[in-house]
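J.: Given chain A's structure and the hints, the job is docking chain B onto it.
Here the protein sequences come in this chain order: A and B. All residue numbers for the first sequence refer to UniProt numbering, where the first residue is 1 and numbers rise by one. All residue numbers for the second sequence refer to UniProt numbering, where the first residue is 1 and numbers rise by one.
Be careful, since some hints might not be right.
As the list claims (entries may be wrong) - The calculated label-pair distances, taken between Cβ atoms and stated as ranges, are:
(1) A/23 - B/615: 56 to 62 Å
(2) A/72 - B/477: 57 to 63 Å
(3) A/220 - B/640: 31 to 37 Å
(4) A/198 - B/492: 37 to 43 Å
(5) B/321 - A/304: 43 to 49 Å
(6) B/318 - A/216: 37 to 43 Å
(7) A/95 - B/702: 28 to 34 Å
Note that these hints are calculated values from the structure, not bench results. On a predicted model such as this, the values are computed, not experimentally measured, just so you know. All residues carry an ideal CB built from backbone N, CA and C; glycine is no exception.
For reference, the chains in residue letters:
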Amino acid sequence: MKNSLKLIFSFIVIFFGCEKEVDLKIDESESKLVLNAWFKTEQHPVVEVNRSTFIFDKRGTDIIQNAEVILFENDKEIGFLEHFGGGFYQNENIEIKPDTEYKITAKVDGFEDITAIEKSLKKFTDSEYEFEYESFPNPSGSNYQSLSDIEIRLKDNGSSEDIYLFLIKDTNKSWRHETSSDTLYNEFIIYLNSSDAQIEYIYAPNLGQIQILRDELFNGKEYTLNFRSNDLRKYEYSDEERSYISQNVIEIHKISKSFYLYLKSIENNQYPDPFTEPTQIYTNVENGYGILATSSVTNIQVDEVAENNNE
Amino acid sequence: MKKIYLLLTFTVISQLIHAQNRISGYIKDAKTGENLIGANIWHPSTKKGTAANTYGFYSLNLPSDTATLEVSYVGYATIRKFVKLEGDITLNFELKLSDELSEVVVKGTRPDLELTKMSSMKISAQDIKAIPALLGEVDVLKTIQLMPGVQSGSEGSSGIYVRGGGPDQNLILLDGVPVYNASHLFGFFSVFNADAISNVEVIKGGFPARYGGRLSSVIDINMKEGNMKNWQAEGGIGLISSRLSIEGPIKKDKGSIILSGRRTYIDILARPLIRASTDDVDLGYFFHDFNAKANYKFSDKDRVYLSAYTGKDKFYARDEYEFDNGGSINEYKDEAGIQWGNFTTAGRWNHLFSNQLFLNTMATYSRYNFDLFNESYSRYATPDEETEENFYTEYSSGITDYGLKFDFDYYLNNGHSLKFGANYIYHIFQPEAFNFEADFETGFDSPDTNPIYGNEFSVYVEDEFEPLPKLKVNAGIHASAFRVREEFYPSFQPRVSARYLVNNKLSFKASYAEMAQFLHLLTNSGIGLPTDLWVPVTDKIKPQFAQQTAIGMSSLLADGKYDLSIEGYYKNMNNLVEYKEGSNFLNLDESWEDKVAVGDGWSYGAEFLFRKKEGNFNGWIGYTLSYNNRQFDDLNFGRVFPYKYDRRHDISVVTNYRLNDKWEISGTWVYGTGNSITLPIAKVPPLSESPRNNNANYYGNDEVYQYSDRNAYRMPSYHRADFGITRHKEKDWGSSSWTISVYNLYNRQNPFFITTTTNSIGETSFSQISLFQLIPSFTYNFKFRPHEK
Numbered sequence: 001m002k003n004s005l006k007l008i009f010s011f012i013v014i015f016f017g018c019e020k021e022v023d024l025k026i027d028e029s030e031s032k033l034v035l036n037a038w039f040k041t042e043q044h045p046v047v048e049v050n051r052s053t054f055i056f057d058k059r060g061t062d063i064i065q066n067a068e069v070i071l072f073e074n075d076k077e078i079g080f081l082e083h084f085g086g087g088f089y090q091n092e093n094i095e096i097k098p099d100t101e102y103k104i105t106a107k108v109d110g111f112e113d114i115t116a117i118e119k120s121l122k123k124f125t126d127s128e129y130e131f132e133y134e135s136f137p138n139p140s141g142s143n144y145q146s147l148s149d150i151e152i153r154l155k156d157n158g159s160s161e162d163i164y165l166f167l168i169k170d171t172n173k174s175w176r177h178e179t180s181s182d183t184l185y186n187e188f189i190i191y192l193n194s195s196d197a198q199i200e201y202i203y204a205p206n207l208g209q210i211q212i213l214r215d216e217l218f219n220g221k222e223y224t225l226n227f228r229s230n231d232l233r234k235y236e237y238s239d240e241e242r243s244y245i246s247q248n249v250i251e252i253h254k255i256s257k258s259f260y261l262y263l264k265s266i267e268n269n270q271y272p273d274p275f276t277e278p279t280q281i282y283t284n285v286e287n288g289y290g291i292l293a294t295s296s297v298t299n300i301q302v303d304e305v306a307e308n309n310n311e
Numbered sequence: 001m002k003k004i005y006l007l008l009t010f011t012v013i014s015q016l017i018h019a020q021n022r023i024s025g026y027i028k029d030a031k032t033g034e035n036l037i038g039a040n041i042w043h044p045s046t047k048k049g050t051a052a053n054t055y056g057f058y059s060l061n062l063p064s065d066t067a068t069l070e071v072s073y074v075g076y077a078t079i080r081k082f083v084k085l086e087g088d089i090t091l092n093f094e095l096k097l098s099d100e101l102s103e104v105v106v107k108g109t110r111p112d113l114e115l116t117k118m119s120s121m122k123i124s125a126q127d128i129k130a131i132p133a134l135l136g137e138v139d140v141l142k143t144i145q146l147m148p149g150v151q152s153g154s155e156g157s158s159g160i161y162v163r164g165g166g167p168d169q170n171l172i173l174l175d176g177v178p179v180y181n182a183s184h185l186f187g188f189f190s191v192f193n194a195d196a197i198s199n200v201e202v203i204k205g206g207f208p209a210r211y212g213g214r215l216s217s218v219i220d221i222n223m224k225e226g227n228m229k230n231w232q233a234e235g236g237i238g239l240i241s242s243r244l245s246i247e248g249p250i251k252k253d254k255g256s257i258i259l260s261g262r263r264t265y266i267d268i269l270a271r272p273l274i275r276a277s278t279d280d281v282d283l284g285y286f287f288h289d290f291n292a293k294a295n296y297k298f299s300d301k302d303r304v305y306l307s308a309y310t311g312k313d314k315f316y317a318r319d320e321y322e323f324d325n326g327g328s329i330n331e332y333k334d335e336a337g338i339q340w341g342n343f344t345t346a347g348r349w350n351h352l353f354s355n356q357l358f359l360n361t362m363a364t365y366s367r368y369n370f371d372l373f374n375e376s377y378s379r380y381a382t383p384d385e386e387t388e389e390n391f392y393t394e395y396s397s398g399i400t401d402y403g404l405k406f407d408f409d410y411y412l413n414n415g416h417s418l419k420f421g422a423n424y425i426y427h428i429f430q431p432e433a434f435n436f437e438a439d440f441e442t443g444f445d446s447p448d449t450n451p452i453y454g455n456e457f458s459v460y461v462e463d464e465f466e467p468l469p470k471l472k473v474n475a476g477i478h479a480s481a482f483r484v485r486e487e488f489y490p491s492f493q494p495r496v497s498a499r500y501l502v503n504n505k506l507s508f509k510a511s512y513a514e515m516a517q518f519l520h521l522l523t524n525s526g527i528g529l530p531t532d533l534w535v536p537v538t539d540k541i542k543p544q545f546a547q548q549t550a551i552g553m554s555s556l557l558a559d560g561k562y563d564l565s566i567e568g569y570y571k572n573m574n575n576l577v578e579y580k581e582g583s584n585f586l587n588l589d590e591s592w593e594d595k596v597a598v599g600d601g602w603s604y605g606a607e608f609l610f611r612k613k614e615g616n617f618n619g620w621i622g623y624t625l626s627y628n629n630r631q632f633d634d635l636n637f638g639r640v641f642p643y644k645y646d647r648r649h650d651i652s653v654v655t656n657y658r659l660n661d662k663w664e665i666s667g668t669w670v671y672g673t674g675n676s677i678t679l680p681i682a683k684v685p686p687l688s689e690s691p692r693n694n695n696a697n698y699y700g701n702d703e704v705y706q707y708s709d710r711n712a713y714r715m716p717s718y719h720r721a722d723f724g725i726t727r728h729k730e731k732d733w734g735s736s737s738w739t740i741s742v743y744n745l746y747n748r749q750n751p752f753f754i755t756t757t758t759n760s761i762g763e764t765s766f767s768q769i770s771l772f773q774l775i776p777s778f779t780y781n782f783k784f785r786p787h788e789k
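If we strip away everything but chain B, and leave its shape as in the complex, we get:
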């Protein structure tokens, strides 16, 4: 053992004293000056490279005095640069968008196969905008759902399901701030306006130690920083909504700002139609969201960012009438509805201590709440007297977070790349609150529903290094703890991922990650409304834990034109929660803690992704084979049952073809095994005590409905094709494009939910309710040419 220690010490020291040259700097967009997060810098001859961090900063150690470096980023032309390395140097790179270049894009970008990271993918804003979308609203989360291992629930249900996990197990970060409900319009659209997004990274497994707090995925969304050089604006006018973004420099090459907003107007357009068909009841729905971000570079070493997002959905029904009944006046106004929304904001300070040590300090605030409300006013007036009554009820739920975070990137001379940091979040949970106000005697008081306060702490350290020439390892530990009421839950989560680079076209990867989660989402399994409750762990309900193992291979085919990745995974999850059988989330007589059952789950499967990134014709084919089960002592009589989203096969085909500079066509096709469902199957007489009680049926029902085993049946499979065609046009003032898209091209009626119906002659059958059938749409997009001062 002593010999091994000596050998290790010698290796480390020899690496430390070996002549090294450090190159560091930022990688930016040439046109806007925005940092390119995750851009790669690669030294082909030594096969050494690194990726720019979330702020575009990189730092790379090279043994030679001269080097030809390749710098690449998705959607941008790769550049090669010969550099002389004389000690430590700072070198910033500026990449140009590939579609701005007339020449052929340089091939040979640093492939994914070189990275230790597995089970992850990056999606650019261009990728998102190239995919045909429902009602022309391009969407980040819908794009993510086209990747293998990521599933949507069903049309009409919000949430993303990653490798068998629940919708609460995804850490959705918008500029580093958790977003708790990422859905507009009951899950049909996400809250992320594609115009305000720079890029998205999705991690399904092999989680680096810097991430924590959720079991199944990290969806890291970064907003644009704003053009540092010129003012510009872009937007779109669609069938149901319009959007506008304005960005520009606060001071050229020093600071920038971006403002972006979006609002639907189906409520305004449909109002006359609805009033006519509902006897003057005013039914409506809208959502809006607004993003803002500003940054300023105080020096080469200090930069400050401020960002905010706010969004709201509201569905309402308003009714009012007044009539004169021969001297007495009756007036009545009523509004009922549901509304929900997020507000997030973050302040960040980047500080470069040296070309090896980078610090990001971040203070965050995030709030999500929904409420169901009903407000009414009535007035009765006669010549002699007048009475007024006001009545208000509200059922609400929400979560508020205050966070403080420190993240260090430390690039050692011996090839080790360290990341370490600490995070603290103060949570305020309001799982259920009921507010009841009336200016008349009702005999009813609002029940006490006090908030629950939680303190979440975490620290992490991770190191990326190459113990052997072809083997690269990222190893670390994430330690976290949660304090709620009098309970304290600590957790140590080891993480390791490794890749073995066989050659320039093939690598094998493996990872193991343990995750802990200190909050749960209670989801009503029957319907798809945003009535899900975020709740903390408590003395009764323990934290969720997961252990995930994944192995895979990544390869380049046909001279790098195609990527193929295959991965297999096994994930075990403990302390999952579900509503108990027979519970109703609106039943306030029972605490939410008494409505839930706790159990375990496990999922396993294989994912295939074949992708063509380059050329006029590009796209991908994804396939997932998965198995996903649950076991709860208090559900299904303790027997194992399939998860609602146990989807055996999931296929997605995405294509994009650029015919010429003006025309572009795109198409997608998705297929998924039907969701599992619990169905009523039989009528059964219940227990009677005995015929000695000759009035046995006195209490009524002599039949009860027997359900199948939990999730024993399947809805029909889900499949759909979408198609879009875009015409681009250059204008004097900038560029514009018309996009005509068709959602659900062959008019497939996909299941939303299954119910039983009885026809006029008393025959009962199962009926499927479907939502969106064939929907054509068009969108006009415009982008003003940057205004150069």
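Isolated chain A (complex conformation):
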């Protein structure tokens, strides 16, 4: 159907139209600093600094390794973040406190200083949810031998507007017994499926498929979510030469409104589809782009080993 429309659209342009280059004055021809950070309560802060490029610049975006990144807590400077590779900065001596306002400034010669302010989230405690899962043979028998049904019961705190983010990370590690130095780690976000209409599925580049749930319909009440995923159980393999372990970790976050708006705008941004409404990517970074996202996370590690393990 979309093709029919494109055909008609093309017809109009081909038979009636002509094309010429135009010079539209875009006040965006210079690069800006991009600050991306995901602060998790009770973890140390990590910040990535890049630069954007003008839409027509043939160069891609690039990392910034010489930025001066300063962190403020309730408007009080608490330390520098040091570059440790790939445009990422951190300070392992600082831990993000719950329910506290953080400000980051980043300065780089030749760029305008950028600032982002966001409040961290209260600690997400184990009493705020219950988790159960059940693994069973895949009825279709294809690709994955087993699947898991997951049930998460949220006990929402009615005092605030909460936005939940769910993801499952499949962390795998393999190594040769002779040379343990060539250990390989990989981390994937695996796909979750739910029939719950309240779930918003968002695909974020560099993060993968994540699931969002807002508490609009159950604020202050219990809410049960059901997902289906690949087998959640641990998988171990070992032979004479090498070993392999695959383990799933379920992360349940409460995220800030800014983070939610950013993810939604990333999802909606479908450039350059002419049939889709253009979407600006949300930013809370002053004079630049990016996001200072905050969340409070609880991790659930599944230690049960699959019965067909080591086959």
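T.: Same frame as chain A, now just chain B:
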């Protein structure tokens, strides 16, 4: 307070008992016998007057026993008549077209400055035909767009934008029936055939209480009634279309009929060219429309009208092939396309209860729908077996209305002129429907998209009166309600407009109007296809409301040769809808109600119109200064943004010069600030969780495209000049004319849309796609002399 009531009561009673003489009747065209809607009858010495209603009926109360009356109408010679008033009398007037008279037309027509109505204008069929047009197709809506306060979207997008409103906020009435899509060929032409039109009135503000249902304008188009005296025919042959109208009496001076049709033939003319250039794919487009209207006067008090319009646009691509592959035959046929059209019909009954009370009863039907379709057939045959497969998909949308309406005109003896009535419309909305049929297993079912039924009710009353000698007021209330699903939305909309006549050359006017609208149009902002969806208010989406205040002055200059009007307005609009960011109207996984965002808008500005109506050289200059903003919580992160058609300056110059009886030249020039647009401006790396995930880019894209704030940039400005020259010739059988016109005289490449393109060495830039550049055209028009029995 009691004293005030007493004073008011005394005033009313004294007016009632004062000796009054009532004159009433119809004002008609002398040649055809057609009623002249809105013709003015004016008593200069008392400065009292009135306008004929939609059926040409007038009723005027005068205090004196004798009077010299002036009767006028746009394009017709004004007549003056001395009458003796002895009680109530009936007097019909017949006006002659001004170009049929050799003598100078009588000046001093009742000026607009005398009317309470403001922010409105009347356009005659002659005005429409005098303006040079694209491909020679004269057009009502294109003419309206040359008036201040009325904007077109852009070339290639349908819709009219009035005082900052959206394209859905215009109540377009064809003989009183709403027309939902008034565009042919993706907005390049309107559905109204100028040969079938009698006149058009556009109201942008100060809405009288009798109108309702839309926020921004009323475009009231009346079809010709047909010649009551003689049979006649007229038509035209143009580059892309031809048209023909036939009209005449069913019974002389009792009833008449008019039939009018038009069809394009670019599909037929271009077919060989297209097949040659597309490897035998048959691409084509056509539109046609047909108008019919009949009326019959059963008595001096009863008259019945029947009218209908049907029109259709279709764009299609057909492909078929068959080949023999050594004993097996493959045959394939496919057709895909888009089609849309309106059908409207109305039956009306006029009844004159007395020379003071007039009733029009009207039953209406209106239907609009568009659909995108794809149909294919394939056959595979070998000597042993044969298989056939049929496949059909259709995405459609539409709206159907059934209406019943009663309108009373009641002319009181005390100078009050009352209009009141009631209206009911039963709406059937089909915002989205997807039909999928195949004679083989696909594993896919058509989703359920049930229609939505809505009931719209309204009643109104308005009164025009003069509380003070120079002050005239039209005040009223329009009450309406809409019931949909389990929701009920009532609305009370006060309306008032007033004029203060300083002298015969100057008046000041002011108006306030509240409007409600119970349906929305979802418009994809990116492209200009007729894929917009008409949707009702629901429990999730509330009715649109507007409050508009306008002030202005109207004056006559140089002994009435020129009109000057200046108006300022402020309009506030609530519950407007737009597609949400990132939504796609073809995404059927999501209901349309979930694809839209609701917000508010406001616009303000000033309009200037300088017009010369008389003489061989006539025309107008219009200028609009306007500001137009929107605020939606779910768009642009809640920040205020300019509307797509926020056009700071809009200028139109229209001229017409009649050199002599044979030659006539005309020209227009339009300028508009470029439309606002959202552009991609930067590439930005998205959030990565941390380098601890050393495979952070595993999921692919490490750059996303950042757009500007919504509508933060401007397309290049739009300007264009058109020119036309016409040669008229009298023939034995009637008259004919050749019109040669040039659209876009200086070949301006105006923006249709902006896109990004990358050249062969990888350099990307913005490109502007333009549609019509310089287009010459010619049209041959003919009009047979009326056949007199």
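J.: So, for every hint listed, does it hold in this structure?
T.: Outcome of the hint check:
no., hint, result
1, A/23 - B/615: 56 to 62 Å, "45 Å, violated"
2, A/72 - B/477: 57 to 63 Å, "59 Å, holds"
3, A/220 - B/640: 31 to 37 Å, "34 Å, holds"
4, A/198 - B/492: 37 to 43 Å, "38 Å, holds"
5, B/321 - A/304: 43 to 49 Å, "59 Å, violated"
6, B/318 - A/216: 37 to 43 Å, "49 Å, violated"
7, A/95 - B/702: 28 to 34 Å, "29 Å, holds"
The structure shown violates the earlier hints numbered 1, 5, 6.
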